[in-house]
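Chains as they are written, first to last, in my numbering: chain A, -10 to 563; chain B, 13 to 661; chain C, 459 to 621.
I should point out that these hints are in silico values taken from the structure, not numbers from a laboratory. Check each hint, because a few of them may be wrong.
Unchecked claim - Once the Cα atoms are required to be at most 25 Å apart in a straight line, the calculated PhoX-like pairs of lysine-lysine come out as:
no.	chain 1	residue 1	chain 2	residue 2
1	C	472	B	654
2	B	554	A	117
3	C	515	B	142
4	C	515	B	534
5	B	604	B	560
6	B	38	B	287
7	B	622	C	472
8	C	611	B	74
9	C	574	B	333
10	C	515	A	478
11	B	403	B	217
12	C	611	B	654
13	B	654	A	117
14	B	534	C	604
15	C	563	B	622
16	A	163	C	568
17	B	446	C	604
18	A	114	B	534
19	B	622	C	568
20	B	126	C	604
21	A	44	B	38
22	A	172	B	353
23	C	568	B	353
24	A	74	A	117
25	B	534	B	632
26	B	74	C	604
27	A	114	B	554
28	B	217	A	44
29	B	580	A	114
30	A	329	A	252
31	B	333	C	472
32	B	74	B	53
33	B	554	A	74
34	A	27	B	353
35	C	472	B	372
36	A	172	C	568
37	B	554	B	580
38	C	515	B	353
In this text, all values refer to a predicted model and were calculated from it rather than measured experimentally.
Now for the letters of each chain:
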Amino acid sequence: MSFLINVNNKNIEARDGETILDAMKREGIQVPTLCYIKDRFPSGSCRMCVVENTKNGRLVTACSTPVEEGMNIQTHSPRVIESRKTIVELLLSNHPDDCLYCVRNRNCELQDLSEELQVRERRIKGEKNTIHLDRSGASIVRDPEKCILCGRCVRICEEVMGVACIDFIDRGSKSFIGTAFDKSINTSSCVNCGQCIMVCPTGALTEKSHFTELISMLNNPEKTVIVQYAPSISVSLAEEFGMPPGVDINNIMNAALRKIGFKYVFDTTFAADLTIMEEAAELIDRVKNGGTLPMITSCCPGWVKFSEQFYPDMLPNLSTCKSPQQMLGAVVKSHWASEKGVNPENIYSVSVMPCTAKKFEAQREEMTSMGLSDVDAVLTTRELGQLIRMYGIDIKQLAPETTDSPLGYRSSAGKLFGASGGVMEAAIRTAYHMLTGEELVRFKIEPLRGMKGCKEASIEVNGLKLNVAVVNGLANARILLDSVNRGEKDIHFIEVMACPGGCINGGGQHIGASEDAVMARMKALYDIDEKETVKVSHRNPDIIKLYETFLGKPLGDKSHKLLHTNYLKRDVLL
Amino acid sequence: MNSQYNSSVKDFLIDEVLRDFTNNSKDPHLLEQISVLRNEKISEPVIYVGAGTCGLGAGAAKTLKSVRKYIEEKDIKARVIETGCIGLCAVEPIMDVQIPGYNRVSFQNVTEDKVDEVLDAVFQLEVPEKFVLGQFDQSDTRKWDGVRFLKDHPFFAPQKRLVLKNCGIIDPVDIKEYIARGGYKSYIKAINVHSPSDICDIIEKSGLRGRGGGGFPTGLKWKFANREESDQKYLICNADEGDPGAFMDRAVIEGDPHRLIEGMAIGAYAIGATKAYIYIRAEYPLAIERLESAIEEAREYGLVGEDIFGTGVDFDIRIKKGAGAFVCGEETALMHSIEGKRGMPRPRPPFPTTRGLFGKPSVINNVETFANVSEILLNGADWFASTGTEKSKGTKVFALSGKIALTGLVEIPMGTTVREVIFDIAGGILNNRKFKAVQIGGPSGGCITEENLDIQIDYDSLINVGAMMGSGGLVVMDEDTCMVDVAKFFMGFIQRESCGKCIPCREGTKRLLEILESITSKPDAANTEALDRFKGVMQIEKLSQVIKDTSLCGLGQTAPNPVLSTHKLFRDEYEAHLYDRQCPAGVCQNLKVYKIDVDKCTGCTVCIRKCPVDAIIGSKKSPHFIVEDKCIGCGACYEACKFDAIEVV
Amino acid sequence: MEKNRESGVVMETKVREILDRYPEGRTENLIPVLQDIQETDGYLSEESVLEVSRHLKMPASKIYGVATFYNQFRFAPLGKYHVQICCGTACHVLGASTVLEEIEKNIGVKSGETTKDGLFSMEVVACIGACGLAPVISINGNFHAKVTGESIKEILDNYRNQE
């Protein structure tokens, strides 16, 4: 049922059961919000979205108040503006107030509101809370002094990621957000996914940066600094420079990376193809030889840590394949180094990832060989943007360049890794070929595409029915795994991506992207797959060559040593 | 008493009294049995000791011990009953003695050492004058000569006791006495005769409004929940009495727990709830203990449980102990707390009557509200509505404390004036000092000064003068009370108790408190700080308005009230603190300036040694001097000086 | 209270016994569970919180969040004598702050702390509802009414002398 409400002296349509904010959004009427998360029960904590109900003279929060027929709302009355401004001033009175030194300078919701509401002096003053900075995590730095307690991180961590490693601690003006017993985050159940950073309005949650070391390496003539970037980077980096979402700037990015001083530019997507070769072979092996099923992907380091903590009994289900980042890192410091005649000790291996958990993954003990990390530094998409700006590079002026080969050529299947369902799709394409010697007629597996949290499909291969499932958002993984454990589902292969939608919406991506932007990135990946000709990993010529000249065959001895890993139960504060 | 006796009494009460709820039998045998159970007709002496928390605090436990020792030593066959609190806390411990054939008589200030004296006298049929409080008005027994009736005592005379009817009089853990005094009759009648919506109608018609502070019409709230379709509904009693200065809920539970249980049972039936929770402060161990025992008794009598009295009505009741958070007085926060979560409020709507505890329709009322219910059903809506003012019906219990002669609990008809309560009932100001203000409504309320003392107490009049009914805490202040300090106290309380969820309450109350702290703290010559202090005071009203306008729950929306109220009514005191840097009442320690009178100072150095911050200088045998910049105004020197050489200016 | 100092094994079994009274995974019992544990141990240890977390299937961060929200819960053992100072309105008006100061001076710790010898712990509490007897303090649940700066010393010394 719909009816009319009056907002700012204009009648607009409102639907029964929706909130004032819902109705206004549809009409393009904007009010500021801080604690609001779309499609979730309103918390009503920030009070920024207050509007004046002129019928009863009360200020109500637009996010939580249901529409009523004949309502009369003013969104910017003097009283409303005064209230919002005072709220911002109150927040600022307990804020470090050091924007110039903040990672989120110029990309901060509190800063924006302060500007929008014309806060021009420190009118409200008082004692500020002092809470210690937590730099213990491999991926995430927490600065609770900058936190405005909107609670979005707490809710994302619990409701979307199913982790709940942080919560409000204490009460009243002493409250802050922290882990159990207010311990360091590295001892907590944090999976480093970085979704908390994505929703943080201020600089209270940021990624751990390795800039200083990276720059000194770039300036060290003895070091060979190489870089790889994940499949989703090329379709999301453009947003860091104000370009529309979903624009693919792969080759311009290559040029930018070389300008910064990276000697070799590789594409992690190559290693995604490599992962598919190994993983498809592993799946077939498990199915044929009675291995542990369902097999579950292991490319996502957030998911891997999650399973080590919460589902230790299912670790045998995880594919032993390293993630593409780690495979490429391992190949660079072994085969590639010896081919090039470079001492692996002098290689500084950098990756650009849409992900904060990759920082954690790179420093895992299992990801080293002979005391050397396979990957030395991980940058997020955001950090690459900063790096490009720092080097004064105008990406609009760059001529496109290609990646270095070998380890640069990729199929479009590998590119799909960037979106939820992509690993599965690529794996099915290659597994089908491995089993039948033929190619799939229709490459596109529609039910596995899109933003849905849990997707399932069945594929017939040589009379064998293969049931597969794809989940994104770890809370969805919990639901699926629990039902598998209860024996309710018969599934052979599961793809898990920690972040909702997959890596295109990873914790290292551009902050402030809308849902539409994420969909545009996804579509960009599908478009690449649509228009390119090498659509399967096993037809990537560099991959074929790598097996011929070095690895031998999938799951062979060399693969086992370089490309596979193991997992262990983690003892953390759950 | 043996169990056989108990079970026959139980059968009697259930069959002859409760099941026969319509028949007001005149059968003399039955009436006599009832008067025995009511302890009106006794065969051996009964000694009652007020053993509520306040009585115990004043030494009632020791009094009890002395009483027991007394009757043992003298080999007197007498019963000892621990009652709840009659409300006159100022004269605790209170002991009543009832001798067969005589009216029950009440004595005050009976500390352990006075027990023998009082009992010796009473057993010789004499009433010791200096202890006597008054005698009960009983019909069949002999009156004590020259002893006034308790009901004529100035503290009790103007009261009308419905909620506190049994408090301090009956044995709270004896369901037999409660039933003999008419208890549970309303409930049994309700579930047998009335439909749930009838009950809602009766309560609505009575005009009963929530006694917890908001004053929402109880019957209407019940109706909302009654109309909801749901597989499960909940009834919740808010006994998380957190207002500093309010203790009536505790007194009711300690003194008459069955009244609460009966009110809740009726409420649960009215809304269609089969499960009820009592959310009670863990700081009330005695109340919890009595409640637990009362629920157990009610269960034995079939008044709590399944298929009550064969009517098919189910009613179960559980106690949830609060863990100490004032904000849990807010409905949604309280429900979160019962659910095992942080007690943080959520936006309303949806209201609890639609989506409450565990997502089911729920009604929350406070103890005093429920305690009114059985009386309304027993005597009718019109009877109840005949007391009170147009929009506020019935009575209200107030907890009197502060600088007042008689502290304690009073229950007065709505519409009584504030002056009557303070000066007639409670005997005026302590030590005959000058009245300054009375704070009503706790941290959400405000002050009433001399000029408004004649307003009638009801929900709306109090709001009109900037105060609030709240839960009924009434704290009296005299000329020695600093109103800025009072505002600071409440702000400090709210600030500590704010849940921290919404920004205006979390950050705003802290800033308000800091402003108050700045004007009550030590003067500082630095100009910038003076300017900040001034700016701060100028912001009080504006900041308060935003906090009131935008806070998420009632706690925040009313948090600035004590500041606004004192700021408005005692502007001169604020100004004295701000401009003159002085506290007129002499309370704000930091604003006290101590000086040494050189003529009186003998140079003994005692003060130098006592000063915790080395603010006094001088050498032996020559006059000392206080360095003002260092002095924190603690007064240690003042106390220590034997020559009166230190003065406060 | 002596029980605090017993070995961890004994303590664990006690927590286990408490948890066995509550069904697994029912998070609404969190507060009663924590209350019971604190009643036995005098405080909430990290181990017991983790035990609760496993039993109720509730993240430890949530439990810590709940426990720190309420005044009642402590994370350090209580003293043998636990002094609660009421700072309700009536007590405040009648001089509770002087009483508080005097106690702080006398035992040498602040609210929420325990003396080094484990004899006293102290806590400022919201109104304990004995306003008629203000200012009030409670030591191990025993009320002391109308206390003053002077009478505090005597009261505390009485407890000291019982040692």
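Hint check results:
no., hint, verdict
1, C:472 x B:654, "violated (58 Å)"
2, B:554 x A:117, "holds (21 Å)"
3, C:515 x B:142, "violated (63 Å)"
4, C:515 x B:534, "violated (52 Å)"
5, B:604 x B:560, "violated (34 Å)"
6, B:38 x B:287, "violated (37 Å)"
7, B:622 x C:472, "violated (50 Å)"
8, C:611 x B:74, "holds (22 Å)"
9, C:574 x B:333, "violated (31 Å)"
10, C:515 x A:478, "holds (23 Å)"
11, B:403 x B:217, "holds (12 Å)"
12, C:611 x B:654, "holds (22 Å)"
13, B:654 x A:117, "violated (44 Å)"
14, B:534 x C:604, "violated (29 Å)"
15, C:563 x B:622, "holds (14 Å)"
16, A:163 x C:568, "holds (17 Å)"
17, B:446 x C:604, "holds (22 Å)"
18, A:114 x B:534, "holds (18 Å)"
19, B:622 x C:568, "holds (21 Å)"
20, B:126 x C:604, "holds (20 Å)"
21, A:44 x B:38, "violated (59 Å)"
22, A:172 x B:353, "holds (21 Å)"
23, C:568 x B:353, "violated (28 Å)"
24, A:74 x A:117, "holds (19 Å)"
25, B:534 x B:632, "violated (29 Å)"
26, B:74 x C:604, "holds (17 Å)"
27, A:114 x B:554, "holds (15 Å)"
28, B:217 x A:44, "violated (29 Å)"
29, B:580 x A:114, "holds (23 Å)"
30, A:329 x A:252, "holds (13 Å)"
31, B:333 x C:472, "holds (21 Å)"
32, B:74 x B:53, "violated (28 Å)"
33, B:554 x A:74, "holds (12 Å)"
34, A:27 x B:353, "holds (23 Å)"
35, C:472 x B:372, "violated (35 Å)"
36, A:172 x C:568, "holds (24 Å)"
37, B:554 x B:580, "holds (13 Å)"
38, C:515 x B:353, "holds (14 Å)"
Checked against the numbered hints above, the structure breaks hints 1, 3, 4, 5, 6, 7, 9, 13, 14, 21, 23, 25, 28, 32 and 35 and satisfies the rest.
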